[in-house]
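*Asks:* Those protein sequences? They're chains A and B, same order as listed. Just so we're aligned: 230 in this note's numbering is position 230 of the first sequence, and the numbers increase by one with no gaps anywhere. Just so we're aligned: 138 in this note's numbering is position 138 of the second sequence, and the numbers increase by one with no gaps anywhere.
Just to be clear, a hint being listed does not mean it is correct.
Dumping the calculated DSS-like pairs for lysine-lysine here, alpha-carbon to alpha-carbon at most 25 Å [as the list claims (entries may be wrong)]: (1) 259/B x 238/B; (2) 131/B x 271/A; (3) 36/B x 162/A; (4) 74/B x 311/A.
Because the hints were derived from the structure by calculation, they are not lab data.
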Amino acid sequence: MSNHFFYLDSSPRATGEGALTGTRIAVQSNISVRDWSTTAGSLALENYTALEDATVVERIRSQGGVIVGSIRTSELGFGLRDDGGEAVLREDQTDALISTDFLGESRITAADAGVFGFKPTYGVVSRFGLIGLIPSMESYGVASASPRTIAALMDGISGPDKRDFSMSDRSKPDFLLKEGKTPGVVKAGVPAEAMAILTDEERQVYREGLNKLSACGVAVSEVSLPEFELFSLVHNVVGSVEASSSAGKYDGVRYGHRAQGTKNWNDMYLKSRGEAFGTLVKSYLFQGAYFQFENYEIFEKAGRIRARLVKGMNDLLDKVDVLVLPSKRMPFEARRAETVADVYNAFSLTLPANVAGLPVLQVPGFIMNGTQDLGMQLIGPAFGDAGLLGLADHLSQCKGANE
Amino acid sequence: MMDYEAVIGLEIHVELNCPTKMFCDCPNRPGDEPNKNTCPICLWLPGAIPQFGYEALEKATLACLALNCEIQEKSAFDQKVYYYPDLPKGFQLSQAHYPLARNGWLNITGEDGQPRRLRIHHIHMEEDVAKLIHEMEGKTPVSLVDFNRAGAPLIEIVTEPDMRSPHDAMEFVRLLRTQIRYAGSSECSLESGTMRVDANISIRPKGTGQMNTKVEVKNMNSIRHVGDAVAYEIERQKTCLAEGEEMTMHTRLWDPVKKVTTAMRGKFAGPCVPDPSVPPIVISREWLEDKISSLPEMPAGKAERFREQFGLTEDETSQLCTDKDTADYFEQVMAFPVPARTATHWLTTQLMPLLRERGETLAVCGVTPSRFADLLGFLDRNEVNANSAKEILARLFETDLPVKAVVDQGGFGQVSDASELEGIVARILEGNAPAVADYHNGVSKALGFLIGQAMQASGGKANPKIVRELLLKRLSAI
Numbered sequence: 001m002s003n004h005f006f007y008l009d010s011s012p013r014a015t016g017e018g019a020l021t022g023t024r025i026a027v028q029s030n031i032s033v034r035d036w037s038t039t040a041g042s043l044a045l046e047n048y049t050a051l052e053d054a055t056v057v058e059r060i061r062s063q064g065g066v067i068v069g070s071i072r073t074s075e076l077g078f079g080l081r082d083d084g085g086e087a088v089l090r091e092d093q094t095d096a097l098i099s100t101d102f103l104g105e106s107r108i109t110a111a112d113a114g115v116f117g118f119k120p121t122y123g124v125v126s127r128f129g130l131i132g133l134i135p136s137m138e139s140y141g142v143a144s145a146s147p148r149t150i151a152a153l154m155d156g157i158s159g160p161d162k163r164d165f166s167m168s169d170r171s172k173p174d175f176l177l178k179e180g181k182t183p184g185v186v187k188a189g190v191p192a193e194a195m196a197i198l199t200d201e202e203r204q205v206y207r208e209g210l211n212k213l214s215a216c217g218v219a220v221s222e223v224s225l226p227e228f229e230l231f232s233l234v235h236n237v238v239g240s241v242e243a244s245s246s247a248g249k250y251d252g253v254r255y256g257h258r259a260q261g262t263k264n265w266n267d268m269y270l271k272s273r274g275e276a277f278g279t280l281v282k283s284y285l286f287q288g289a290y291f292q293f294e295n296y297e298i299f300e301k302a303g304r305i306r307a308r309l310v311k312g313m314n315d316l317l318d319k320v321d322v323l324v325l326p327s328k329r330m331p332f333e334a335r336r337a338e339t340v341a342d343v344y345n346a347f348s349l350t351l352p353a354n355v356a357g358l359p360v361l362q363v364p365g366f367i368m369n370g371t372q373d374l375g376m377q378l379i380g381p382a383f384g385d386a387g388l389l390g391l392a393d394h395l396s397q398c399k400g401a402n403e
Numbered sequence: 001m002m003d004y005e006a007v008i009g010l011e012i013h014v015e016l017n018c019p020t021k022m023f024c025d026c027p028n029r030p031g032d033e034p035n036k037n038t039c040p041i042c043l044w045l046p047g048a049i050p051q052f053g054y055e056a057l058e059k060a061t062l063a064c065l066a067l068n069c070e071i072q073e074k075s076a077f078d079q080k081v082y083y084y085p086d087l088p089k090g091f092q093l094s095q096a097h098y099p100l101a102r103n104g105w106l107n108i109t110g111e112d113g114q115p116r117r118l119r120i121h122h123i124h125m126e127e128d129v130a131k132l133i134h135e136m137e138g139k140t141p142v143s144l145v146d147f148n149r150a151g152a153p154l155i156e157i158v159t160e161p162d163m164r165s166p167h168d169a170m171e172f173v174r175l176l177r178t179q180i181r182y183a184g185s186s187e188c189s190l191e192s193g194t195m196r197v198d199a200n201i202s203i204r205p206k207g208t209g210q211m212n213t214k215v216e217v218k219n220m221n222s223i224r225h226v227g228d229a230v231a232y233e234i235e236r237q238k239t240c241l242a243e244g245e246e247m248t249m250h251t252r253l254w255d256p257v258k259k260v261t262t263a264m265r266g267k268f269a270g271p272c273v274p275d276p277s278v279p280p281i282v283i284s285r286e287w288l289e290d291k292i293s294s295l296p297e298m299p300a301g302k303a304e305r306f307r308e309q310f311g312l313t314e315d316e317t318s319q320l321c322t323d324k325d326t327a328d329y330f331e332q333v334m335a336f337p338v339p340a341r342t343a344t345h346w347l348t349t350q351l352m353p354l355l356r357e358r359g360e361t362l363a364v365c366g367v368t369p370s371r372f373a374d375l376l377g378f379l380d381r382n383e384v385n386a387n388s389a390k391e392i393l394a395r396l397f398e399t400d401l402p403v404k405a406v407v408d409q410g411g412f413g414q415v416s417d418a419s420e421l422e423g424i425v426a427r428i429l430e431g432n433a434p435a436v437a438d439y440h441n442g443v444s445k446a447l448g449f450l451i452g453q454a455m456q457a458s459g460g461k462a463n464p465k466i467v468r469e470l471l472l473k474r475l476s477a478i
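Could you put together the complete structure from these sequences and hints?
*Replies:* This is the structure:
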């Protein structure tokens, strides 16, 4: 059973007591736990042991939570190949999983496992200790069968941390607030342009899911989110450029894999990095370096388009309470994605929330293709995190009533 | 041969004297035992996030203000991407697109004695990189990395290509150093590496506005070297041009021993990508006003005030005001009833050389402004003469006794009592008949000789003015 884990703590312990006492939590192996092997699934971090706890780890333990171990992860947390998250959730080896969400990994993991998933607003949770890849879009994601466990965890890990300067100045959302629990009439918008890129079959199951949502008292209407297809392109360009910079530190000088028998430092860099990275990460980094060194204009353009897309999304969220999207595509399997293009196809519906830094909830059991759960995402306005989790609570009960 | 002129611009790195590094809390002491001042952030271990330090912003802002720059309301850090073992993360955090300050200037005195305004294009903040040490381990060459300097706070000052001569470049660097020292942001020492000057040099036919291919010259370890390197490079380029060689953009190293520049590498410019982890810096009007008001009086203003307030000359005030400690010391001395000119003269020609000789500074030496003023008071009242005052000054370094006690104990009191001096003068005239004869025969040196003899006989304590008067009176009577 433990082959989905990368590291199992033989004597897991909390450092304090609180709302998380008795909760088992698994983390991804790109989240720093002191003295644990923390390789982020890459030879580039061969034998690397974290020197400090990530802020989230420290906070979980201080509130009674127990970190049972770290799961196997795709290289540097990019994509979901070889990821052990879905298995440990499905096999109930943990009450909750905290993993990274660069373009939707934590939400698709939750959808695959048929549980709730949540990615908070950018800047609400400290990234200190997260071995990240795409700093402007990455986030932690929390997955659990229980929305209340997610709320308790979010409440425990969020809030200001002087070690992460990119955090928001706003005070943290009150995740335990009960106001969202009986949401009154929630207005949900379905972006027509997202609908348009789906296959007929997908549209069919999507509509059925929306009907279920309506049955739970949510007012569903169609809205327009122009240039929806550009979210993937923007994420691909900006993400690869940021990844190329983030991975620049993996040079084999201070830690990680170093190639033997090299002629000089340049040769050492080339061979060490050449040996350390797998094909997917290598091509992603290569693409980022291309935009950095050879086609910077495209990167700048992507930044401008990003601003436009974010504004479009925020404007829509002034009119409706949430935007609804499936989590997964039927024709593209995230776990089987081998190329950068495969990855972007499989994550095309989850990555808009990363581009815009918005909070998003993944709800199980609504958009179903037979027994296969495609997952349903509800994207909320910036800092509307508490409201989304209140809604999650409501939907979990409503869904139960339906079944 | 065509008449050429040089076009020179400088890129000057100044290490800010903040207590900590720019993005972490490690001590900013690059000289410590190698790799002592490091942490996960400046080693850029996985999971680290840069934490921009407030002190660096403050010191950088003060320096920019001292260089007459416009502080930008919004500035931001970029990643300057290149791969080198001295750079722990594959990029250097630097402000490439939105620098902290723009449009500065300094007024220097040109070679012709006329004031010249040299413009500063912009000033940006950036972090320093680690230091590489290349050694031999037995027969194997090894490269070691010392990360103490990695992440140290720097500003880079980029000038407009307004300089035309080695003189301009040296004067600019000198004045820049004075201004930044006044602001308290850095020691600006080329010798110890807290300031590094790179010069971009090209030449063009005089009077044209051409901007030709420039060559970058590095590794000048003193202001004199800046002048020498620039002068050498101008001549080298003229020779190249005369020989029909085409100029290529590259970097050259100044060799201070051979006094030549040698080609090092092609100039490499990597990409600069906005950094997503360090938030943009937004400066409020109130904060900036506060910095402006905390800036001390700058040397030019101070010199002008000294000229008005104390009636000093331009030469005198420039001697006093180049170094802020000297100027401050002078002002403290002037709180006592001492003539300004005497104070200036004695400070710059006596006290300062003594300090240099002893390797001390005004701030810590035992000759406090009040003791120095006391001494000058004795001199001004003719109670000691200049020679004695020099000796007393030297003794003040060794003792904490009041000046009066040193004067009394050393028997330095000047003899101005005519009756006492009459006797000495009479003896000298008796014992130096040939000199007396010379005097009467019009040999001008004779009087000076007789005064000297009388001074010596008094043990150096006689008031030379009274000795002279007495001698002249007696000689005219002979």
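*Asks:* Against the 25 Å threshold, does the CA-CA distance of residue 74/B and residue 311/A hold or violate the hint?
*Replies:* holds, 21 Å
*Asks:* Under the criterion that the straight-line Cα-Cα distance not exceed 25 Å, is the pair residue 131/B, residue 271/A satisfied?
*Replies:* holds, 23 Å
*Asks:* Check the hint pairing residue 259/B with residue 238/B against an upper bound of 25 Å on the C-alpha distance.
*Replies:* Holds - the C-alpha atoms of residue 238/B and residue 259/B are around 17 Å apart, at most 25 Å.
*Asks:* Has the given pair, residue 36/B with residue 162/A, been kept, meaning a C-alpha gap of at most 25 Å?
*Replies:* holds, 24 Å
In terms of the numbered hints stated before, the structure departs from none.
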